[in-house]
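Trainee: Starting from the known structure of chain X, fit chain C onto it as the hints suggest.
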Amino acid sequence: MSDNKAVTKSTKRNLLSRIVKYRWFYLMFLPVFVFAILFYYAPMLGIRLAFTDFKGVKDPIYVGLANFEKMFKMQGFWDAFFNTLQISGLKLIINTFGAVILSLLLNEVVNLKYKKAAQTIVYLPHFFSWVVAASIFGLILAPSQQGLVNSFLTNIGIIEKGQEIYFLGNNKLWRPVYYVINAWRDTGWGTIIFMATLAGIDTEIYEAASIDGAGRFQKIRFITVPALVNTIATVLVLNLAKIMNLFESVFVFQNDAVIRQSDVLQTYIYRQTFNSGALPNYGYTTAVGLVKSLVGALLVIMCNQISKKLRGRGIV
Amino acid sequence: MKALKTKRYFALLLAIVMVLSVALTGCGGKDDNNKDKGSTDVVGTEDTQKETDKTEDSDKGAEVEKPEKITIMVDGTLVTKDNGRDAFEAEWERLTGIDLEIIQPDHDAYYDVLGQTFASGEWPDVVLLGSTYYAGYAGEGVLWDMTETYENSDLKASGRITKENIVDGLYIDGSLYGIAPASGNGCITYVKKKWLDNVGMEAPTNYEEYIAMLDAFTNGDPDGNGIDGDTYGVSAAGLIGEEAPYMNYLPEFYQDAYPSFYKNEDGVYVDGFTEEAMVGALERLRDAYEKGYIDKESLTNGTSDCRNKFYEDKFGVFTYWAGTWATNLKNNLEANDLDGELIALEPIAEVGAYVERQAPVWAITAKAENPEGIFKYFFETMLDGAEMQRLWTYGVEGTHWSVKAEELLGVTYAEGEFHMLENLEKAGTLYKKNHIDPMLAIAAFTEFEDPGIATIEPEALESQKIFNENSKIAPLLVSTDEMSQYNGDLTTLKKEIVANVVTQGMSIEDEMKRFEEAGGAEWSQLIVDSLNALGN
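So the protein sequences, as listed, match chains X and C.
The first sequence maps to residues 19 to 334 in our numbering.
The second sequence maps to residues 1037 to 1572 in our numbering.
Negatives, chain C to chain X, calculated, CB over 12 Å:
#: 1; residue: Asp1135
#: 2; residue: Asn1188
#: 3; residue: Glu1423
#: 4; residue: Asn1459
With a cut-off of at most 30 Å between alpha-carbon atoms, the simulated BS3-like pairs for lysine-lysine come out as follows:
#: 5; chain 1: X; residue 1: Lys179; chain 2: C; residue 2: Lys1230
#: 6; chain 1: C; residue 1: Lys1229; chain 2: X; residue 2: Lys179
#: 7; chain 1: C; residue 1: Lys1549; chain 2: X; residue 2: Lys91
#: 8; chain 1: C; residue 1: Lys1549; chain 2: X; residue 2: Lys190
#: 9; chain 1: C; residue 1: Lys1105; chain 2: X; residue 2: Lys76
#: 10; chain 1: X; residue 1: Lys76; chain 2: C; residue 2: Lys1403
#: 11; chain 1: C; residue 1: Lys1327; chain 2: X; residue 2: Lys179
#: 12; chain 1: X; residue 1: Lys190; chain 2: C; residue 2: Lys1332
#: 13; chain 1: C; residue 1: Lys1549; chain 2: X; residue 2: Lys88
Here chain C is said to cover these stretches of chain X; the calculated rule only asks that three of the stretch's residues, wherever they fall, bring their Cβ under 8 Å from a Cβ of chain C:
#: 14; region: 86-95
#: 15; region: 273-280
#: 16; region: 294-300
What the hints contain is simulated information worked out from the structure, not anything from laboratory work.
Idealized CB from N, CA, C, for every residue including glycine.
Extracted from the complex, chain X is given alone in its bound form:
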């Protein structure tokens, strides 16, 4: 017993002496710590609203789990929930593997100037805001002869004039179009991490492969792709934790005809708050937000476990 106490005292002393020793590092860390407490943890107290009826004026009325009961009964919530997983998940896969393919292509470019120019061009769309992207694609996909795509389809005889396709207003085409636009905007940016990995591959391996008679495709298949696998897994795992966070890219392309195909949890919360035609019940929208966060947290834990297995270390 007394041994234990002695150990505890000594540990405390060690901790204190470490803090004193590294006091300047602790001081430097202090603003970050305070910032995190103020802006990440303190707002979490708002979670209690999920258990209340609150319209923003009178004191919240405790309603227990009523908001959650209502939420789980609402088809709109479930549509938004599964849409979030589907849209975000598929978007992640398309963007990641699109970035891998693009990286492999860029890696094969020999002319350095051309390679740099191509890289710059594919990075650029990432810097367009979603609002600008929506305007651009609204024009490109317009269901008239002024729309670039419809005009092209008419000219090559796939559709007739007057039968233009309303890409953004058609509930069957909306998702494919959405994935294409996302790929356009984010695939290039996603290549950065893969290009960095490719740059780290020892050139001697390629030379040895060439001596052994390997062709270009064989080198890609047996050297480049295996070298990328770990990075691909890391990127997928890191991004999987964020798939519940989906708003702007969907919101700017949403319209009444595609709401069931496009509604995700964050747009659902937005509409419940601002388009209800009445004072919103912040209790309900907080409850939806809480469920979203809990699912997100579960995904983070899951990804952490996967990461530990794949990389030998976690992401948190």
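Mentor: Same frame as chain X, now just chain C:
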């Protein structure tokens, strides 16, 4: 041992979080209080002015105490700081002898800031509210009931109010919580005169003629470019609106259908979406969309998209705001070297009347210390038919308007001729109004003639006159618990059904069946019952 220590650290961390958040919340509150107190101290009324006030008070009735200070919260419909708000404030204070504090958040963030302000408990004395918020906050007990004060007011007795129906429309459950100094305005249908001439038609007076006109505009050559079928009839920003009156961009198709809650002739609340008239509206919209009369992009159009297409001569019929917008549309067409003459249509026979949106309302908050005084010195003066009304309508002389002889933006004004001055924010344009639109004001000038009415373009006056004579006000709905709970999902479902029927080729029967299956009918009934239970 290690686990125990971890738990301790975790508990300590949680305790710090709790303490910090509570302490910070407290700090915020204190700061706000201090700020308010500070601002009260900074601006004080002159002693001489106080003496004058006392005399005025005794003349006008000693029972209403004159407030020393009034704090108001308003959106960007009042002149902004960069547009001479300080001059407005100084002039208002000169006319009343009361200190005025104006809180004016960014226009787009107004209701966010207002909600946060109410949640903080630091309420301004007076707020400007859109209809949804007016009804909602009234229901929450945030607004002061001014029924008796208004009924016994000099304003009501003066006879200056020319549009009493606007005030009457603001009563909720027999009580009045706010005054709208102007009507809400609404959309009227404009038709390009040149297009009508080119297809040899007259302005339509009924739906048959309206559809015939759309057909000619879609399949003929109304723009006279020698190509048939490269134009279309009408465009809109959405097939159904985001807020009441919902159908104001396509009234000829909706006709007697109203896709939301209203009180019917029997005095009972119903959901118009579930009525037979809505089926007729959906059929008309679907048919017109299929035939290409309605812009294919109406689902994704914003209002600016529609305006631009109108200016580019892509379509010929545009239902848009009455009044000043008639001039804007004309000027923009002419700027594109097109004929700017527009015919503002009287509502076709089947429509009967255009729907006017509920006007933004000034209301006194329940925490205001001297609501009677605020009513007398803020509300009544706003519509005094004299200098103060001119201030709210046109702004400040020398900042927003002038009667001096001068040349401004290429126009020469004679001495004594009323004219608006150049916009401080947008060089090269003139001010049009301050907070109250002169064409929409609910009270007339009585001390002198409306100084600015002559500056309004004839087409704006004409369209506003037709609208005012042929419109009814959109129903004002109280925000019930059921509405807060279900109306978000219900509105989404309704909009989806309209879009599916009109643009996706779904049958009306199937979609109405889905309305029931998805819970729409049940939510609708719950809301209807809650409205009727209020006993309005």
